[in-house]
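**Q** Residue numbers (the numbering used here), protein chains in the order written: chain E, 1 to 295; chain D, 1 to 295; chain X, 1 to 295; chain Y, 1 to 295; chain B, 1 to 295; chain Z, 1 to 295.
There's no promise every hint is true.
Which chain B residues face chain Z? A few, computed with CB under 7 Å, are given here [stated by the list, open to error]:
hint: 1; residue: Met-104
hint: 2; residue: Ser-107
hint: 3; residue: Ala-116
hint: 4; residue: Gln-120
hint: 5; residue: Ser-129
hint: 6; residue: Gly-133
hint: 7; residue: Lys-166
hint: 8; residue: Asp-170
If you are wondering where the hints come from, they were derived from the structure by calculation, not from laboratory data.
Small disclaimer: the values here were computed from a predicted structure and weren't measured.
Note that beta-carbon positions come from the ideal geometry of N, C-alpha and C, so glycine has one too.
Number of protein chains: 6
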Amino acid sequence: MKGVKKIEELIKKANVLIEALPYFKDFFGKTFVIKYGGSIMANAELKKKLIEDITLLKYVGINPVIVHGGGPAINQTLARLNIKANFIDGLRVTDQETMEIVEMVLSAKINKEIVASINQMEARAVGISGKDGNLIKARLKKYDDPAKDLGLVGEVKEINPELIKKLIADDYIPVIAPVGVNETGDSVNINADDVAGQIAAALAAEKLIYLTDVNGILADPADKSSRVSQLNFQEIKQLIENGKIVGGMLPKVEGCIRAVSNGVARTHILNGLISHPILLEIFTDQGIGTMIVQE
Amino acid sequence: MKGVKKIEELIKKANVLIEALPYFKDFFGKTFVIKYGGSIMANAELKKKLIEDITLLKYVGINPVIVHGGGPAINQTLARLNIKANFIDGLRVTDQETMEIVEMVLSAKINKEIVASINQMEARAVGISGKDGNLIKARLKKYDDPAKDLGLVGEVKEINPELIKKLIADDYIPVIAPVGVNETGDSVNINADDVAGQIAAALAAEKLIYLTDVNGILADPADKSSRVSQLNFQEIKQLIENGKIVGGMLPKVEGCIRAVSNGVARTHILNGLISHPILLEIFTDQGIGTMIVQE
Amino acid sequence: MKGVKKIEELIKKANVLIEALPYFKDFFGKTFVIKYGGSIMANAELKKKLIEDITLLKYVGINPVIVHGGGPAINQTLARLNIKANFIDGLRVTDQETMEIVEMVLSAKINKEIVASINQMEARAVGISGKDGNLIKARLKKYDDPAKDLGLVGEVKEINPELIKKLIADDYIPVIAPVGVNETGDSVNINADDVAGQIAAALAAEKLIYLTDVNGILADPADKSSRVSQLNFQEIKQLIENGKIVGGMLPKVEGCIRAVSNGVARTHILNGLISHPILLEIFTDQGIGTMIVQE
Amino acid sequence: MKGVKKIEELIKKANVLIEALPYFKDFFGKTFVIKYGGSIMANAELKKKLIEDITLLKYVGINPVIVHGGGPAINQTLARLNIKANFIDGLRVTDQETMEIVEMVLSAKINKEIVASINQMEARAVGISGKDGNLIKARLKKYDDPAKDLGLVGEVKEINPELIKKLIADDYIPVIAPVGVNETGDSVNINADDVAGQIAAALAAEKLIYLTDVNGILADPADKSSRVSQLNFQEIKQLIENGKIVGGMLPKVEGCIRAVSNGVARTHILNGLISHPILLEIFTDQGIGTMIVQE
Amino acid sequence: MKGVKKIEELIKKANVLIEALPYFKDFFGKTFVIKYGGSIMANAELKKKLIEDITLLKYVGINPVIVHGGGPAINQTLARLNIKANFIDGLRVTDQETMEIVEMVLSAKINKEIVASINQMEARAVGISGKDGNLIKARLKKYDDPAKDLGLVGEVKEINPELIKKLIADDYIPVIAPVGVNETGDSVNINADDVAGQIAAALAAEKLIYLTDVNGILADPADKSSRVSQLNFQEIKQLIENGKIVGGMLPKVEGCIRAVSNGVARTHILNGLISHPILLEIFTDQGIGTMIVQE
Amino acid sequence: MKGVKKIEELIKKANVLIEALPYFKDFFGKTFVIKYGGSIMANAELKKKLIEDITLLKYVGINPVIVHGGGPAINQTLARLNIKANFIDGLRVTDQETMEIVEMVLSAKINKEIVASINQMEARAVGISGKDGNLIKARLKKYDDPAKDLGLVGEVKEINPELIKKLIADDYIPVIAPVGVNETGDSVNINADDVAGQIAAALAAEKLIYLTDVNGILADPADKSSRVSQLNFQEIKQLIENGKIVGGMLPKVEGCIRAVSNGVARTHILNGLISHPILLEIFTDQGIGTMIVQE
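Chain E extracted, bound-state conformation (with noise of 0.2 Å):
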C-alpha cells in the first residue's frame, strides 16, 4: 500500500515538471538579467533559494546575468571605518576613500560570495566589475553649482557587452558587481538598478527582472495588497507624477522602460523575499510581481 501511495507522489512530482515544460520550451536559449540586492543577502536561506533558482535556470537552458547591488553591507563597512556620509540631493557624495570601500565591497565581498554560492551548485559562476574589459563606461555626475561636487558618483555612458557574451557562449554565469570607469581609469558609483536596465538593453535580453522587497508595484504604497500586475509607459508616468513611485522604486521602472525600449521582451518587479521568486514569476502564467510593458 505504501509503495503505491509513493508513486502516486512520484508522479505528481512528474506533474509538475511536465507543468514546467512549455515554459523551459520559450526560454530556451535565452537571457535574462537579474538584479537583486541588500534585502535578499540579508537571509541565508533565501540567498540559498534564490542560487537554486539561479543554477536551475542554467540547466534547462536559460542564459542568467546577475547584477547585484550591496548597499546594507557598504554602509555597515562605512560605519566600521567611521566614515561619515554627506548627501546632495539624496545622493551620497563619494570621495575616494568612500569610493574604494564601496568597490571592495561590492567586487570581493559580495560579487565573489555570489559566485561561490553558484559554484557550489555546480554551476560556474564567473565575477566581473565594470572595469572588467571595460564593461561599463561610466562619466561623473556633473551640477552646474561647483559648490555641489557629488565626487565620484556618475552614470553609465556605454556598456560594452562583448565580455558578457563569451562568457555565456563559454557556459560561465556572469555576476556583475556595479562599479564603472571613466576615462581615466577609475572607479565610479552608479546606480546598480540602472546597470542592469543597460545590460538587458546591451544584451537585447529576454528577461529583465528585479527582485525588491516588495510585492511588485503598488497602486498605494501604504497597502501592501494593492500591486499591479501590469503597467505601461503611460500608466507608470502618472504613478510617478502622483507621487506612488518613489525612491529606490524609480530607477528599477527606468531600468524596466530603457530595456523595453531597447527590445528586452519582458521586464518584471518582483517581491525576492518569497521562497523561489524566479521559479514562480517564471514557471506560472499568472506571475508574482508586476510587468512593464510599452502600451
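Since chain E is already given, all that's left is putting chains D, X, Y, B and Z on it; use the hints.
**A** Quick look at chains D, X, Y, B and Z alone, frame taken from chain E:
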C-alpha cells in the same frame, strides 16, 4: 488569504523543480536510449505522457534516442491480410510478404506516428530505420537443418551509429524502427530489444531504458510484488537458469548486459504502464524498476 | 594489335569523361531535385540505372534530392485489402484506413527500398517523410459543399527544408516520401509532383527534374514524336487552355512554374523509361525532354 | 643637417626593434605567468612601466597572465580597522574578519586597479580570483596541535585553468587575485607566489617570472652585488640549507621548482624595481635576474 | 530514326560514365601526385589532354598534386646562352649561373605555363617551388674527392608539406617546381623524380604516377612490347642488378619504392605520350603501365 | 659600475620598444602592401634590412604583402641574350621572347630570392605571380594605329585577391611577381606600381608603401631637399601638369590615388635606400617620405 495559499502552492511546485536539479546536473549532455513497444502504444493517455517525458529530457539537455517495437500492430495487419504465422522454436518464420508488412508497420505506421507526436510537442524528431545510412547491418539466422528455414529473420551484425550522432548533433530526436538491412540491401526482421541494446552500446549511452508491461524483473514471475531493484550479471544468470527470466524478458536482460559490458553506465527495465515512467526513474533516487549492473 | 585496339577503346572512353567535364564544372556543388514515380519502379533494370545516375551525381559533386511517388504500389495494396476507391473530381477520397495504407507504402515500402538501393551503390541515403522534422506542413482540401468530403486529401502549406539541408551538409542523399502532416500531427495525402516543385523552390535548387513515362511535353499528345524541347510560361498557359496539357502532366508543369518563379535555374520533364535519363539530360547540350523557362 | 641627424636617430631606434625580433620569434604565441607584489605597486612610475611591458607582450603575440600579491595594502587596511595580527610560525592567523579584508583588498582594490591600468593602455584585461570558475581550489593548513589554529590560512589543492585558457583564447589578459576557495565555498588565504608557480605549471607556460625587490637570488644576502644568474635544483637546495635563501624568497624558488618540474621552460626571479624589468629580461640574452633550471 | 540513333549514342556515353563510377568512389577525397616532364610538354595536343585529365580529377573529388621536370627547356635556354655543360658521373655540374637558368625555367617558364593551362580549364592552380614555405629543404651532394665538385647539385633533405596541404584544403591544385633550398637560402638543383616520390610519401598520397615516354618498365629495354604490368621490390632489385632498369628510370623506381614504403597505396610508371594517360590508368582495371608494389 | 651602465643601456632599448607600442596597437591585424624594385635589390645590406622590417611587421601582428619589380635584372638578362629593346611612346615593345625573359626574371629569379630571404628570417613566405589563382587578369594595350604594336604590354583588368587572402589567413607572407594573365592564358607585361596600387585597393589595405630611390615627391625634382611630406589629389594634379611629377613617379602617384579612392587608409612614397625605411615610416609620427591623401 487565497492569494497566499496560491503562492504556497506555487512554492511547492518550485521545490519540485529544485528537487530535480541534481538529476539535471548529472545527466546534462548525456544520451539515453529508450525502448518501448506495443503495450504502451495501445494507450493514448500513456503514450502522451511518455512523449512528454521524452520532450522534457530534450529540453533539460539530455539526448533521448527512441527505439520502438510494434508487435500488436504487426499482428493486426497480418491478420487483416489473412497471412498466417508459422513458428520455428518460437521465432516467427518471415517470408517476403510478411517482411513487407513488418517493415511497413514499423518504419511507417508506428515510426512516423511517434515522430509526429514528438513534433507536436515542439521538439524535433526524425524517424529512421536500420536501412537509413546503413544504420543496422544484419545477417540472417540460419539453422544447420535446411528444413528449418526462418526466412528473413536475422540478427544485428553491426551498428553504424554515425547518422544517429549527426541527428543528435543537429538537435533532432532520432526515432528508430528496428528493421535491419543485409548485404544485398534486403530488409531483415530483427529483435527490437536487441537493437536497443546494441545502439546503446554503439553510442556509449549514459542509460538504456526498457519500458515493459511489468514492474521490472520479478524474483517470482507469479508474484507481481517480487520486483528486484538491482541485479548483477551473476544473479541474472541464475534467474535464467532457474527459469525465472523467460520469454520477452530474455532479450531485454541480454541487451542490458551487452550495453553495460560496452560502457553504458546504467540500464533499467521499467513498467511503462505507469504515468511518466521515465521521469519517475530518472528524477528520483529510488528508481521504480530493476537496474542491471555488472557486479 | 589487339592491345592497340584496346587502348583506342579506352581512349574513346576517356574522351567521353572529358566531354562531361564542362557539365561537372557547371553543376559542382549544386542541388538537383528529382521526382520519379511508379512506372520506373516497375522495371528493375531501369530502377538500377536510375540509382546509378543518382549515385554518380553525388560523386561528381552534385547534391541529388529524391522525391518519389507510389501510385501503383498503393493501388495494389489497397486492392489486396479490398479497400474500394471513391473519387470526387478525380481526387481519391482518402479515409483514415486508406491514408494508413498510403503512408505505409510511401514512407516504408517504396522509400526504404530506394534508400537501400542507393546505399548498395556505396552512396549514403536517408529516407524521410514530410513528418520528419516537420518537413512538409499540409492543410486539408475543403470544398464549400460539405457533401464533397475528400477526407485526408490536402496540399502543401509550408516546406521546412532545414532537415534536408542538414542531411545534404552531412553528405547524405535525402529520399522523401510525399506524406504531409497537418496541425494536429495527422498524415495528409498530398501530390508528389507538387511536393517536388515546392521542395526545389524551398532549396533554391539548380534543377528540378520530373521523370515521367513520356518523352516530355507533346505539342500533340496523340503524336509521340511531337515533343517540344522548351516551353515558356505563356506557351504552357496556351497548351493547358487548348487541352494539350492534361491529367498527371498538370501538377508537373505547375511544379516547374513554381520552381522557376522561386529561383530554380532549370526545370525538366523527361522520359524516365530511357536508360540513364538523368545523365542524358544533364551531360548533353541538347537535352532529351522538355525544359520549362519563364519566357 | 638636423634632418640627417634625426634620421640617424630613427635608424638607431629601428635597429633596437630589429634586435628584439629574434625574441619576438621565440616567444610568439607563448604564455608568460608574471607575479608581482606590493613593492612595485607602491611606485606609480614603476607600475606604469610594468603595465607598458605587459601590454607590449600582448601586442607582439605573447600571452601574459598576471598574478598579484598585496601585502602592504592589506596591512594598511587592517591597521586602519585596528585589527591586530597574530602569527604562528611566521604565518598570519587569518580569522573570518581578516579574511574578508584580505579578499576585498586583493580581489577588488588591487585586482581591479591593475585591470583598469591595462585597459587604459588599450589592451583588454579581466580580473578574476581563485573563486571564479573554481580556479583555485584550496584546503586549510592544519597543525596536529589543535592550539595552533591558523584559521583560514590554506594551500593550493588544485588549479582549474579552464577559465584562464578561455580568457586567453578570447584575447583578454587575465589578472588573478590569489584567493582560494575551499570545499564549502569559503575564501582561503593562500600564498601568491605559490599560486603563480602552480598556475604556470597548470598552463605549461613558457615562462614564470617573479618580480621582487632584489636583483635575483644573492649568493650572500648581505651583498647586493652577489647575484647568481643561474641556479639548478641542487644548488638551490644547498643555498636553502645554508640559510642563504630565506623568508619571502622561499616560496618563489619553490614555485620555480614546481613550474620547471611541470614543463615550464624558463623561470626567473627579477628585480621589479628597475624600469621595464620584463622587457629587459625577455629581450636580452644576458637577462637581469636569476634563472632557475633543473640541472 | 536519326533521333533514336542519337539517343543510343548518348546512352553509350552515359554507360561510360557509369563504368567510371566505381573508380570515382574508390578515389573520392584522395590525393594523387603526378610527375611529368619535358617529353609531354613538347606536344601541345598531349599537354592539353593531360591538363584535361588533371582538371577532371579535381572535379570528381580527387586532389591532384603536380610535380614537373623541365630538362629540354633548360637545355635549350642554356644553349641559347652558350653555357656549356660539364658532367661528373653523369650528373651535370651546376654552377651559380646554370642554377639561375634552371630555376628560371622551372619556377617560371614551365611552372606558370602549367598553372595558366589549368586555370584556363576553370580549375584553380597555384604554382610554387621548393623555396615557397620552405617546401623542399635540400643539401648539396658532396664527393670525398674535392676535385669532384658538383656545385649546386643536391638532394632532398626534408619535405615540409604544410603549404601543399593548405592549398589542397583551399581547393587549389598545387603545381610544384623541383627547386630545393639549402640552409643558407640558396637554390639547389634536385632530381624531379625524387621530389615527386618524397612529396607523395610526405602527403601519404593514394597514388604516385610517373608519366614517361615509354610504356612502363620493360623486361627487355630493347623490346617495347615487353612491358611488365606489376613489379615488387625484389623483382626491381634484380632488374636493376641485371641492367634492365637504368638511366632516368632509376630515380622513378626509387621514388616508387620510397613512396610505397611510406604508405602510398599505389605507384605507377606510365607512358605519358598516350592520350589521357591518367584517365586510362585510373579508370580501368587493367591499367596501362607498370605498377610497383612491395611484394 | 659597468653593470649599471649596461642596465641603463638596456632600459633605453626597452624605452624604444615602448615608444613603438602605440603603432603596434594602431596597426594590429592590418594589411600593408609594400612595393619595391630594382634599386633596393642591388644592395645586399639594404635588402637584408628591408627583409628584417617585413619580418618584424609579421611578428607584431601586421600582414605584409610584397609586390616587387625587376627592371635592372630584366635588362641585364635581355642584354646577356642580345635581345634589343624597341620603344613606342616610352613603353618597351614586348614580343614573345622578351616576355618569356621578363616572366622568368620576375616570377623565378627575383620572386623566389625574396621568398627565400624571408624564410631565412623564420617568417614564412610564398611567392606567386598574377597567373596563380588567376590573381591578376590583364588585357593588352592597343593603339588605334596598327603600326604601333606593343606586343604583350598590357594593363590590369581585374584583381582576384582570394589567393592572397587565403595565404594571409594561413599566416604566410605573399610575395607577388607582377605578371598578368590574359583571357587565353598568356603572360602579359604590366606595370608593377600599378599592380601594387590595385592589390592594395582590392585588399582594402591599411597602407600602401612605394619604396623608391628618392626621398619622396620633390616640389622641385632638381632639389633633393624639396621633399613634400603630404600631398592631396589636387596638388598632385598640379605637380603633374607643371611637369614636376614625371616618369616612374607617375604610376606610383596614380597607384596611391587609386588606393586612397578605394579605401586604403594611408599611402606613402619613401626612399628605400635608407636603412629600415618601413620601420622609420611606420613607427614614427613624422614619417620620412610623402603621404598622398584625398584632400
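**Q** Does the structure break any of the earlier hints, and which numbers would those be?
**A** Violated hints: none at all, because every hint is consistent with the structure.
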